[in-house]
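Novice: Sequence:
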Amino acid sequence: MSQPVPHPIDLGFSVADGEKIELSYEVQTLRVSFLDWQEKQVSFLCRDTLALRWQEAGYTLSDQERDDSTYEVIDSAWLRQHKDQSMTWEGPTFHHYKLNFNAAGILEMICSNIERIAEPGAPPNSRPPS
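When we follow the working numbering, the leftmost residue of the sequence shown carries the number 11, and every step to the right adds one.
Any given hint could be a false lead.
Said to hold, decoys possible - Across the chosen pairs, the derived CB separations fall in these ranges: (1) 93 - 49: 38 to 46 Å; (2) 96 - 48: 20 to 28 Å; (3) 29 - 62: 25 to 33 Å; (4) 18 - 102: 17 to 25 Å; (5) 85 - 48: 14 to 22 Å; (6) 70 - 12: 12 to 20 Å; (7) 70 - 27: 13 to 21 Å; (8) 97 - 19: 20 to 28 Å; (9) 76 - 100: 33 to 41 Å; (10) 95 - 50: 17 to 25 Å; (11) 50 - 85: 16 to 24 Å.
What the hints assert, rightly or not - Once the Cα atoms are required to be at most 25 Å apart in a straight line, the calculated DMTMM-like pairs of lysine to aspartate or glutamate come out as: (12) 50 - 66; (13) 93 - 82; (14) 30 - 100; (15) 30 - 78; (16) 50 - 100; (17) 93 - 49; (18) 50 - 94; (19) 30 - 49; (20) 50 - 85; (21) 30 - 82; (22) 30 - 94; (23) 93 - 125; (24) 30 - 20; (25) 30 - 85; (26) 93 - 46; (27) 93 - 27; (28) 30 - 66; (29) 50 - 32; (30) 30 - 77; (31) 93 - 29; (32) 50 - 73; (33) 30 - 125; (34) 93 - 78; (35) 50 - 27.
If you're looking for bench data, these hints aren't it; they were derived computationally from the structure.
Note that the structure is predicted; figures quoted are calculated from it, not measured.
By construction, the Cβ of each residue, glycine as well, lies at the ideal position given by its N, Cα and C atoms.
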């Protein structure tokens, strides 16, 4: 098995010096809001969210990561575990994202995509009905 590799990604916003981070999760949609380094509100949705974790311990950073950047974790054991347990479904491609908010904390999620929003309301996920 290969080692997980954090690959830098540009989400269209910066998490550097982000503060007042708010999370809410409902019907496999993770909503995240925070104040960026310019004191501007940033909000985004994580669609088809299968798993998430928030932690304030910075020891989970690899030598390849900065504490103020965003990554997709390639060859993620966490994502593989969800696929092996049939937690994913046909259609969307799932990704392990990691957002390092400096001293504020680290947010990781497994989801199909991340989209910035201006309003908190959003349409439903792409998961087929049960």
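Novice: Which of the numbered hints are not met once you compare them with the structure shown?
Specialist: Of the numbered hints, 2, 3, 5, 10, 11, 14, 16, 17, 18, 20, 22, 25, 26, 27, 31, 32 and 34 do not hold.
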